[in-house]
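Line by line, the protein sequences are chains A and B. Residue numbering for the first sequence follows our numbering, starting at 59 and increasing by one per position. Residue numbering for the second sequence follows our numbering, starting at 109 and increasing by one per position.
Some hints here could point you the wrong way.
Which residues of chain B face chain A? A few of them, derived with a C-beta cut under 7 Å, are [what the hints assert, rightly or not]: (1) Ser188; (2) Glu189; (3) Arg194; (4) Arg203; (5) Asn205; (6) Pro208; (7) Thr222.
So the derived label-pair ranges between C-beta atoms look like this [to be verified]: (8) B:Ala284 - A:Thr330: 37 to 45 Å; (9) A:Arg260 - B:His312: 34 to 42 Å; (10) B:Ala163 - A:Val158: 48 to 56 Å; (11) A:Thr165 - B:His347: 55 to 63 Å; (12) B:Arg298 - A:Gly235: 42 to 50 Å; (13) A:Glu71 - B:Gly253: 36 to 44 Å; (14) A:Thr165 - B:Gly315: 56 to 64 Å; (15) B:Gly253 - A:Trp86: 37 to 45 Å; (16) B:Gly253 - A:Ser204: 54 to 62 Å.
These are computed hints drawn from the structure, not numbers from a lab. Since this is a predicted model, take the numbers as computed values, not measurements. The beta-carbon is built from N, C-alpha and C at its ideal position, and this holds for glycine as well.
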Amino acid sequence: MTDRPGAEPAGRERQEIRAVPVRHPGRWVAVAVLAVLAAMLVHTVLTNERFGWDVVGNYLFSAPILNGLRNTLVLTVLSMAIGIVGGVGLAVMRQSPNPVVSGAAATYIWLFRGTPLIAQLLFWNFLAALYPRLSLGVPFGPEFISVDTNVLITQFAACLLGLGLNEAAYMAEIVRGGMLSVDRGQAEAAGALGMTRSQTMRRIVLPQAMRVIVPPTGNETISMLKTTSLVVVIGYFELLTSAQRISNQNFQVIPLLIVAAFWYLVLTSLLTIGQGFVERRFGRGFVPDRPGSRLLSRAVNT
Amino acid sequence: MVEATGIHKSFGRTEVLRGIDLVVEPGEVCCIIGPSGSGKSTLLRCVNHLERIDAGRMRVDGSLVGYRESGGKLHELRESEVARQRRDIGMVFQRFNLFPHMTAAENVMEAPRTVLGRSRSAARKEADALLDRVGLAARRDAYPGQLSGGQQQRVAIARALAMQPRLMLFDEPTSALDPELVGEVLDVMRGLAADGMTMLVVTHEMGFAREVGDSLVFMDEGVIVESGAPRDVLSAPRHERTRSFLSKVL
Numbered sequence: 059m060t061d062r063p064g065a066e067p068a069g070r071e072r073q074e075i076r077a078v079p080v081r082h083p084g085r086w087v088a089v090a091v092l093a094v095l096a097a098m099l100v101h102t103v104l105t106n107e108r109f110g111w112d113v114v115g116n117y118l119f120s121a122p123i124l125n126g127l128r129n130t131l132v133l134t135v136l137s138m139a140i141g142i143v144g145g146v147g148l149a150v151m152r153q154s155p156n157p158v159v160s161g162a163a164a165t166y167i168w169l170f171r172g173t174p175l176i177a178q179l180l181f182w183n184f185l186a187a188l189y190p191r192l193s194l195g196v197p198f199g200p201e202f203i204s205v206d207t208n209v210l211i212t213q214f215a216a217c218l219l220g221l222g223l224n225e226a227a228y229m230a231e232i233v234r235g236g237m238l239s240v241d242r243g244q245a246e247a248a249g250a251l252g253m254t255r256s257q258t259m260r261r262i263v264l265p266q267a268m269r270v271i272v273p274p275t276g277n278e279t280i281s282m283l284k285t286t287s288l289v290v291v292i293g294y295f296e297l298l299t300s301a302q303r304i305s306n307q308n309f310q311v312i313p314l315l316i317v318a319a320f321w322y323l324v325l326t327s328l329l330t331i332g333q334g335f336v337e338r339r340f341g342r343g344f345v346p347d348r349p350g351s352r353l354l355s356r357a358v359n360t
Numbered sequence: 109m110v111e112a113t114g115i116h117k118s119f120g121r122t123e124v125l126r127g128i129d130l131v132v133e134p135g136e137v138c139c140i141i142g143p144s145g146s147g148k149s150t151l152l153r154c155v156n157h158l159e160r161i162d163a164g165r166m167r168v169d170g171s172l173v174g175y176r177e178s179g180g181k182l183h184e185l186r187e188s189e190v191a192r193q194r195r196d197i198g199m200v201f202q203r204f205n206l207f208p209h210m211t212a213a214e215n216v217m218e219a220p221r222t223v224l225g226r227s228r229s230a231a232r233k234e235a236d237a238l239l240d241r242v243g244l245a246a247r248r249d250a251y252p253g254q255l256s257g258g259q260q261q262r263v264a265i266a267r268a269l270a271m272q273p274r275l276m277l278f279d280e281p282t283s284a285l286d287p288e289l290v291g292e293v294l295d296v297m298r299g300l301a302a303d304g305m306t307m308l309v310v311t312h313e314m315g316f317a318r319e320v321g322d323s324l325v326f327m328d329e330g331v332i333v334e335s336g337a338p339r340d341v342l343s344a345p346r347h348e349r350t351r352s353f354l355s356k357v358l
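Whenever a hint applies, use it, and build me the whole structure from the sequences.
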C-alpha cells in the first residue's frame, strides 16, 4: 500500500498527523457507574431466589407455553397479513378519484380506528347474538347457503377478524403516508409513458412507498405480537394467557412472566432482523453507493 | 403534428393560458421561450393531457387530446384511452423524474414491458440500443442516484424514446443541470432533431433554439407574443416585450 506508484507527488514527504487525542474523563466515570449498577443487577437476579429460575427453566419449553407461543405466532402472522392486504387496498381506495370509493375507505378507517379493539373482538365473538344465521343469496331475495353463525365464526375466526380488520385501518394510513411520500413527478412520468393509474401504482408508486412503509409496519408487527394477548377477553389463549393460567395454579407469578417475556423478546429479535432484510430490499437505488464503485464508473464514462 | 387552437387554462382564479394558437408540422423542431410564469410549461403539459384544458381544441396527429368528438358533442376519454394516446407522445421533464428504484436499463425497459407487453429480452435489447444512442451503454446497470444530472436526463430521453413516440415534448430539459452538463443533453437532442423527430421544446437555451429550431415562439402572460423563424425572432424582435426579455437573457 505504501509503495503504490504515483500516490504521492514526487519530492514531497507525506506529513502524517500524529496528534494526542482528546481525553474523555466523563466517559470513564459513566462506565464505572454503569458497571456498578450492572453488577448489582446481576447479583440480585442470581441471589434473589424469588426470581425462581428453576421454575423458569421447568416451564420455558413446557407444552402449554409452546402452545401459547404457537397461537401468538399464528395470530400475529395472519392478522398482519389481513392488515397489510386490507391496508394497501384501503389506501389505494382512499386515493381514488371516485368519491364513493374514497368515502367508503375513509368511513371504514374512521370506524375501526375510532372504537376500542376489545369492543371489536367482543363484537365479532358475539355476532351470533345479532345474526344467529349467516346466509349467501340475492339481496332481499332467495338464499343459497345458510350457516349457523357460531359454526362459521369460531373463537379463532373472531380473533382474526377483530385483530386483522382493526389492523387494516391503521395499515391503510401507513400505506397512504408512504404513497404521499413519493414525488408527484413519478406518477406524471409514468402517465406520460402511457402507463395506466393501476400500472403506475403497482410498478412505480408502491415499490417506492415501501421504503417509507416498512419501518412503521415493523412497529405494527411487534406491537401486534403483544396485542394478541387481548384475545383473552373472548376466551381464546396465547402466550401470555398460557403463562397466567399456569401461575394461577402454582402462584409462581414472576417466573412465568419471565418465561413469557423471554419468548416475546425472542420473537421481537427475529422480527427486527427480518425487517433489516426487507428494508435493504426496498432501499435499492436509495442506499448511497460505495465510493469505490463511483470512482470506477466515473472513469469508465469519461 | 400538433394543432392547438384557442387554448385556455386556469388554475383557480389565475388564467395561465389565454387563447393559444400553435401549429407544429411533422419533423419540425419548435422552441418555446419566455419568462417564468408565462405559461410555456403548462402549454406543453396540455399537449399530453397532464393538464386538462378549459377551452379550445388540442389535436395531436389529427385526433383530439383527452376527448372524442361524436354527434357534435365532446366526450371525455376514459383513463385507459388517454394512456393509449400518451404512448405516442414522449415527454422529458426538467427534474428528470427517473424511477429511482430501477437501474438505467430498467427505467428504459419499464414502459415497453408493462404498456406494450414486450418480452424481457426484446425490451432489454431495445434499451441497450437506446442507451448506446444517448452514450450511456456503460452505465446501464447504474441507479439514477449514481448518475450525474446530465446522464440522468439522457436516460430520461432514452426512456421516452423507448415507446417510439411520434412527438417529443421537452420541458426545460437543461434547466436543472450544472452548466458543464448542459452540452451533453443538447447534443442528444440535436441528434434527435437531425433524425427528423418532431419536437416541442420549452427552453432557455437561446443558442440551441437558434441552431436547431425550425420555429421559435415567445410567450408572455399566457399568450403567444410573437413567433417565426428563430433567427428573425432572436435578432429582429418586433415586439417590445420580446425585446426586453431577450435583452435580459442574451
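Going down the list of hints, with the structure as the test:
Because the closest C-beta pair between Ser188 of chain B and chain A is about 6 Å apart, less than 7 Å, the hint holds. Taking 7 Å as the C-beta cut-off, the interface hint given for Glu189 of chain B is violated, the closest approach to chain A being about 10 Å. The closest approach between the C-beta of Arg194 of chain B and any C-beta of chain A is roughly 5 Å, which is under the 7 Å cut-off, so the hint is satisfied. Here the hint on Arg203 of chain B is kept, as its CB sits about 6 Å from the closest CB of chain A, short of 7 Å.
For Asn205 of chain B, the interface hint holds, since its Cβ comes within 7 Å of a Cβ in chain A; the closest pair sits about 4 Å apart. With 7 Å as the threshold, the beta carbon of Pro208 of chain B comes within range of chain A, its nearest partner Cβ sitting at about 5 Å, so the hint holds. Residue-level restraint check for Thr222 of chain B holds (minimum Cβ-Cβ distance to chain A is 5 Å; threshold 7 Å). Checked against the hint of 37 to 45 Å, the pair Ala284 of chain B and Thr330 of chain A passes, with Cβ atoms roughly 39 Å apart.
A C-beta distance of roughly 37 Å is found between Arg260 of chain A and His312 of chain B, which places it inside the suggested range of 34 to 42 Å. As the Cβ distance of Ala163 of chain B to Val158 of chain A is approximately 29 Å, the hint placing it in 48 to 56 Å is violated. Between Thr165 of chain A and His347 of chain B, the C-beta spacing of about 57 Å keeps the proposed range 55 to 63 Å intact. Here the CB-CB span from Arg298 of chain B to Gly235 of chain A is close to 43 Å, well matched to the stated 42 to 50 Å.
With their beta carbons about 39 Å apart, Glu71 of chain A and Gly253 of chain B fall inside the hinted range of 36 to 44 Å. Take Thr165 of chain A and Gly315 of chain B: their Cβ atoms lie about 58 Å apart, and the range 56 to 64 Å holds. Here the CB-CB span from Gly253 of chain B to Trp86 of chain A is close to 42 Å, well matched to the stated 37 to 45 Å. Distance hint for Gly253 of chain B and Ser204 of chain A: a CB-CB separation of about 58 Å, consistent with the stated range 54 to 62 Å.
Hint compliance for this structure: hints 2, 10 are not met, and every other hint is.
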